[in-house]
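**Student:** One rule links them: number in my numbering = place in the sequence shown (from 1) + 623.
These are computed hints drawn from the structure, not numbers from a lab. Please read all numbers here as calculations on a predicted model, not as lab measurements. Treat the hints loosely; a few may be bogus.
[Stated by the list, open to error] For lysine-lysine, the following PhoX-like pairs were computed, each having C-alpha atoms within a straight-line distance of at most 25 Å:
| no. | residue 1 | residue 2 |
| --- | --- | --- |
| 1 | LYS1053 | LYS1016 |
| 2 | LYS1044 | LYS1026 |
| 3 | LYS656 | LYS625 |
[Stated by the list, open to error] Restraint-style ranges between C-beta atoms, simulated for each label pair:
| no. | residue 1 | residue 2 | range |
| --- | --- | --- | --- |
| 4 | PRO812 | ALA1065 | 51 to 61 Å |
| 5 | LEU824 | GLY695 | 57 to 67 Å |
| 6 | SER987 | TRP954 | 23 to 33 Å |
| 7 | ARG1067 | THR928 | 21 to 31 Å |
Where is the CB? At the ideal position from N, CA and C, for every residue including glycine.
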Amino acid sequence: MKAYSYIRFSTTRQADGDSLRRQLELSERYAAKHNLEIDDSLRITDLGKSAYTGKHLSEGALGAFLKAVEAGKVEPGSFLLVESLDRLSRAAVPKALRLFLTLLEHGVHIVTLADERKYSEESVSKDMTEMIISIAIMSRAHEESLRKAERLAEAWAEKRKKIGEEKLTSMCPRWLKLSEDRKHYELIPERAKVVREIFDLTLQGVGRSALAKRLNDRKEPAWTKGKRLKDGWHHSYIAKILANPAVIGRYQPHVHKDGKKVPVGEEISDYFPAVVAEASYYTLKGRYQPRGRYGGVHRVNNLFTNLVFDGRTGDIVRYVCVTDRKRKHPWRSLMSDAKRLNPKAQIVGWSYPHFEAAFLKFISELDWNQVTQQEQNTLLLDKEREANILRGKLEEVEARLEKFAEAIASSEEKPAFMIKKIAETEAEGKALESQLTEVIKAIRKLERAEQGLRQDQDKIRKLVAENDGHENRDVRLRLREEIRRKVKTITIYPERAGSKKNPSFMVEFVNGCTTWVRTSPVAIGTKATSLNSDPKVVGVRFQPSGDAPSPLDGMIIDPEDRGDED
624 MKAYSYIRFS TTRQADGDSL RRQLELSERY AAKHNLEIDD SLRITDLGKS
674 AYTGKHLSEG ALGAFLKAVE AGKVEPGSFL LVESLDRLSR AAVPKALRLF
724 LTLLEHGVHI VTLADERKYS EESVSKDMTE MIISIAIMSR AHEESLRKAE
774 RLAEAWAEKR KKIGEEKLTS MCPRWLKLSE DRKHYELIPE RAKVVREIFD
824 LTLQGVGRSA LAKRLNDRKE PAWTKGKRLK DGWHHSYIAK ILANPAVIGR
874 YQPHVHKDGK KVPVGEEISD YFPAVVAEAS YYTLKGRYQP RGRYGGVHRV
924 NNLFTNLVFD GRTGDIVRYV CVTDRKRKHP WRSLMSDAKR LNPKAQIVGW
974 SYPHFEAAFL KFISELDWNQ VTQQEQNTLL LDKEREANIL RGKLEEVEAR
1024 LEKFAEAIAS SEEKPAFMIK KIAETEAEGK ALESQLTEVI KAIRKLERAE
1074 QGLRQDQDKI RKLVAENDGH ENRDVRLRLR EEIRRKVKTI TIYPERAGSK
1124 KNPSFMVEFV NGCTTWVRTS PVAIGTKATS LNSDPKVVGV RFQPSGDAPS
1174 PLDGMIIDPE DRGDED
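Please take these sequences and the hints and turn them into a complete structure.
**Tutor:** Listed below in structure tokens is the structure:
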């Protein structure tokens, strides 16, 4: 019988301690004792997720496991191993009990490893004592978390009272650090210099993108951490610095409610050491407020956020909008990030109106059967063939094990070499089972992706027809989400504006199907607006997954739209 081990702790620091090792050992010991097979295909580990706020359900692995249970992907009779019931939930009893009963009703047995108590729908129905015990544990867990939260809130309230004597926390803007006595913050000289430079150059009229480029060109170390460190400086972070009142020493205390920061009390002056003059800050205030994820509340400017990549370098391609006094209308473009990260890189961009119009024309006229049928004969069939091979090998392993068992049964002695062979064959079988599990997961993923592509084929066409530029925000939001449901990546191969060559882009759909698209050239000059708003798709070619990119070959192009290839 399969068992699933659920491990959770509410702070990531516990990962460095004993919590992770202890919970793992308890699960493995119980599984071995009761002849259970721990299934790792559904990994349910919530490191740093709170069961009191419910993040382990809304954002974490337990929520995903619950959906898998409700979808029938977890077999009835399976075991969920937890250290104690408070690992499942520390929410109020009604919410915690709902989770507990939902799992039991779907045939999942819950085992608390601390006392090795097993809860099942049958046992709870027959013996109300078990239900009462579980409710009592849930109530105690919620009360403990509530008291902890109240103590923490009181501690922070006390800290806020002493805010003039010592600082609340070591967390502070990245041009500062907390002093050793915790009574004041200190400027980090080299970083403070960068902040002043950002303000000085902005006051001189230098834009955020130009500032980010300048800092990246001279290889100024970025202040971000982890994976984002290699991304260097970005205009959005420049905007955050310019809009942060901490640059003039101001601090707004806050509390967390429902996972969000809520201001509490008045803003405190002179909490941080000021790094720029108030005149500089207030001159720029409001001009460089950080924008939301998709460029403001009122418009959905970019339908392809985080989907488009540079075909030459692999860098992400970003939406850029530039307005100056010479232009009556803003210049909107998709620009490769390669130039920002490497000043010697060639500038690669595509007129956004031209690209959006070309893509929407392509996607609205697409025969979706070609997308699904092509991959049905490639990725899905390859995976099914691989699964059949693994099943055949597993049958051979089982046959060998049966022969070993017969040989041992007919022999009075148990030769050591045969026992060793059995162990090796069992290990081989487990490895094959693991491979088969991964292949079956891949097959199910491809089937779900294909089903998603086949569903609502007319929906995207209708949204494209209703799209009228940037005015209908609701339509553009739904259109963007529909594109994301169907498209994994878009790789662009643009040509310079005014070139007679046909720019192209490659669309990889979520099922792995790859399609090359070529468009009419991007115009410049006075006719650019009309031509950009109605480009032609002059070539479409479907390409099997895994083939080398070759956007220039094998396309049927209308002779009237063929660009110069010299």
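**Student:** Now tell me, hint by hint, if it's right for this structure.
**Tutor:** Against the structure, the hints come out as follows:
For the proposed pair LYS1053 and LYS1016, the alpha carbon gap of about 11 Å is at most 25 Å, so the pair holds. In summary, the hint linking LYS1044 to LYS1026 is supported, as the alpha carbons are separated by about 11 Å, within the 25 Å threshold. For the hint pairing LYS656 with LYS625, the CA-to-CA distance comes to about 13 Å; that is within 25 Å, so the pair holds. At about 53 Å, the CB distance of PRO812 to ALA1065 agrees with the hint of 51 to 61 Å.
Distance hint for LEU824 and GLY695: a CB-CB separation of about 60 Å, consistent with the stated range 57 to 67 Å. Between SER987 and TRP954 the beta carbon distance is about 26 Å. The supplied range of 23 to 33 Å therefore holds. Checked against the hint of 21 to 31 Å, the pair ARG1067 and THR928 passes, with Cβ atoms roughly 28 Å apart.
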